[in-house]
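Chemist: Respectively, the protein sequence lines represent chains A and B.
At position 5 of the first sequence the residue is numbered 5 (our numbering), and the sequence of numbers has no breaks.
At position 47 of the second sequence the residue is numbered 47 (our numbering), and the sequence of numbers has no breaks.
Rather than coming from a laboratory, the hints here were simulated on the basis of the structure.
Note that beta-carbon positions come from the ideal geometry of N, C-alpha and C, so glycine has one too.
Please note: incorrect hints may appear among the correct ones.
[Claimed, not checked] Have a look at the derived ranges for each label pair, beta carbon to beta carbon:
{"hint": "1", "chain 1": "A", "residue 1": "ARG18", "chain 2": "B", "residue 2": "PRO187", "range": "40 to 50 Å"}
{"hint": "2", "chain 1": "B", "residue 1": "THR78", "chain 2": "A", "residue 2": "GLY28", "range": "54 to 64 Å"}
{"hint": "3", "chain 1": "A", "residue 1": "GLU21", "chain 2": "B", "residue 2": "THR78", "range": "24 to 34 Å"}
{"hint": "4", "chain 1": "B", "residue 1": "ALA130", "chain 2": "A", "residue 2": "ARG18", "range": "24 to 34 Å"}
{"hint": "5", "chain 1": "A", "residue 1": "HIS46", "chain 2": "B", "residue 2": "ALA279", "range": "56 to 66 Å"}
{"hint": "6", "chain 1": "A", "residue 1": "LEU25", "chain 2": "B", "residue 2": "ASP218", "range": "54 to 64 Å"}
{"hint": "7", "chain 1": "A", "residue 1": "HIS46", "chain 2": "B", "residue 2": "ARG367", "range": "23 to 33 Å"}
{"hint": "8", "chain 1": "A", "residue 1": "LYS22", "chain 2": "B", "residue 2": "GLY144", "range": "39 to 49 Å"}
{"hint": "9", "chain 1": "A", "residue 1": "GLY28", "chain 2": "B", "residue 2": "ARG416", "range": "53 to 63 Å"}
{"hint": "10", "chain 1": "A", "residue 1": "GLY28", "chain 2": "B", "residue 2": "ARG356", "range": "38 to 48 Å"}
{"hint": "11", "chain 1": "B", "residue 1": "PRO173", "chain 2": "A", "residue 2": "GLY28", "range": "19 to 29 Å"}
{"hint": "12", "chain 1": "A", "residue 1": "LEU25", "chain 2": "B", "residue 2": "ARG381", "range": "39 to 49 Å"}
{"hint": "13", "chain 1": "A", "residue 1": "HIS46", "chain 2": "B", "residue 2": "ASP294", "range": "44 to 54 Å"}
{"hint": "14", "chain 1": "A", "residue 1": "HIS46", "chain 2": "B", "residue 2": "ASP306", "range": "51 to 61 Å"}
[Claimed, not checked] Here are some of the chain B residues that sit facing chain A, going by a computed Cβ distance under 8 Å:
{"hint": "15", "residue": "VAL51"}
{"hint": "16", "residue": "ALA93"}
{"hint": "17", "residue": "PHE100"}
{"hint": "18", "residue": "VAL123"}
{"hint": "19", "residue": "VAL158"}
{"hint": "20", "residue": "ALA159"}
{"hint": "21", "residue": "TRP207"}
{"hint": "22", "residue": "ARG211"}
[Claimed, not checked] Covered by chain B, per the in silico footprint, the following chain A stretches (three or more residues, Cβ under 8 Å):
{"hint": "23", "segment": "1–14"}
{"hint": "24", "segment": "18–29"}
{"hint": "25", "segment": "39–47"}
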Amino acid sequence: MEFLNFVLILCAGWVIWRRPEKERLAFGLLVVSCLIMALLFLIGTHTSLVPGVNL
Amino acid sequence: MTAPSWNRLRPVVAGAVIALTAVPVGGAVVLGVVFGESPCILCWAQRTSMVLIALVGLFVLRYGPRPKYLGMAVLLGTWGTYMSLRHAALHLARDVGQGFAMPFFGVHTYVWAWVIQWAALAVIGVLLLALKEKPADEEIREPGRLGGFAMVLFVVVVAANALQAFATTGPPPFIGQADPLRFSLNPRHWVWMDEELAGRISLRGSWTIPRPDPAAVDADTDPANGPLAGPPTLAIEAWERITPPLDGRLTDLARDPATGRFLAVTDRFEVSVLDSTLARVEQHVTLDHQYSIDLTPLAGAAFVGDTLAVLATNKSYVLLRPDPDADPVREWRHFRETSGDVVELRRSRFATVRARQMYVLSLAYDREADELITVSVPSTRQRRMVVSRFARGDLTLASEFVPRLGPGLTPSGPDRSLAEYVVTAATVVDGTLYAFSAAYSTVLALDLETKLVTAAYAVPGIERPVGLAVRGSELLVAQADGRVAVVERPEAKFNLR
Chain A
1 MEFLNFVLIL CAGWVIWRRP EKERLAFGLL VVSCLIMALL FLIGTHTSLV PGVNL
Chain B
1 MTAPSWNRLR PVVAGAVIAL TAVPVGGAVV LGVVFGESPC ILCWAQRTSM VLIALVGLFV
61 LRYGPRPKYL GMAVLLGTWG TYMSLRHAAL HLARDVGQGF AMPFFGVHTY VWAWVIQWAA
121 LAVIGVLLLA LKEKPADEEI REPGRLGGFA MVLFVVVVAA NALQAFATTG PPPFIGQADP
181 LRFSLNPRHW VWMDEELAGR ISLRGSWTIP RPDPAAVDAD TDPANGPLAG PPTLAIEAWE
241 RITPPLDGRL TDLARDPATG RFLAVTDRFE VSVLDSTLAR VEQHVTLDHQ YSIDLTPLAG
301 AAFVGDTLAV LATNKSYVLL RPDPDADPVR EWRHFRETSG DVVELRRSRF ATVRARQMYV
361 LSLAYDREAD ELITVSVPST RQRRMVVSRF ARGDLTLASE FVPRLGPGLT PSGPDRSLAE
421 YVVTAATVVD GTLYAFSAAY STVLALDLET KLVTAAYAVP GIERPVGLAV RGSELLVAQA
481 DGRVAVVERP EAKFNLR
């Protein structure tokens, strides 16, 4: 999944660089990448969402 | 934004994107290729968040500082700060020099991510402060030479990250790993997993430890249901009681073998020294449990020579000493109430290893070894009994062990164990730790040298035991209501030394 996310980010960077008129596409890719990143982190921490220290 | 303002800020944004892309993100790829360092699943998410912040920087370079870009950057910074805190918390409290994976300039990558997220938020704040003109328009902008370089660098570095991610985490549905293998360009060494999907969702995980009530342990009190088969019974020979009224429920009672005085503590932080007949209070204080060290309800008490040691359920302790010359001004910070003749010597915490993430409900003092002793109580997360010994000299852990059954004692079933006992009271005499369990109303005799439970006795008729003391040939079992049962002190069944 991390690989897929980096491909999406790469596409967003490419669009900004070479196809700047497609801003909505690039921003949509940014939003999707943010959501995938958050999902992957939550998967990695779902057995203890809060830091394992004295709060 | 006016042209001069944008021309001034553009190189700042481009420089930030280049620094973010080249150093932590590009540097991470170098660490992987050169040193074989692979990110775990949480590292991947943190690295991704930095890439995304850089990507937002490209948006700003190309389209200007539109509010939605700055809003997205702030969201990424706040989420990244949470991720960094959650991730770094796994390792921050370890011993000196211990961390996860390889440090970078002496600091581990999960902490660097924390610093970078903070820095990103700070940069965004500076940018917002600089935006004094009208909101940005909708034009596509030329990024300039530095901005153009930032875009090229971003695409190259992100492509390298994508390749590393493919090698170490694989294509969907595989995801990153908690303990990643070292990076290799050889496909034979690529291992793709989805093990992070396993396990139940929990807010606090292994830190979900319910705090026990030292005066009301919720447990089966019938000795016949206990984990040991057929323990003999000790009959209650007499009852005594603490005559003076106490503030709160009694949570431990200790006896000084030298003077015969008693030390009583309550769940409302009252500490009282009683005379040998339990009829008169000689000194008393009520601790300010919110001063300095966080004290949960008191659960343990012991005479350590002329020092009074009291212990909270969270293994925080306070050392007191009767002193007729106590300075009331100095002691005001320590005590909510005082008889005026007690000083506080020290307030700190016991640190344990095997008993970590476990509460305690008892405290004992071994005069021969000059050590304080606690016995952990089990929880749904930590099912074991741990005896922890602390040297009196430095009040640091001296040894810890999980007691085992001695010869002649047998479990009452294949899945039964000592971990089912909930020790709420303990005392030491002649190298034997007597520990009273509220669960199954049983007193255990534990040989401190061999670390074996050498005898167990059922004591029916006890309700909410909180304290255990030795008086000659008698064991005194104190209840939360202030009544004290007198039973004959049993000898350890086996001479194992």
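Chemist: Hint by hint, work out which the structure violates, then give me just those numbers in ascending order.
Modeler: Hints 1, 2, 7, 8, 13, 17, 18 and 22 are the ones this structure does not satisfy, whereas the remaining hints hold.
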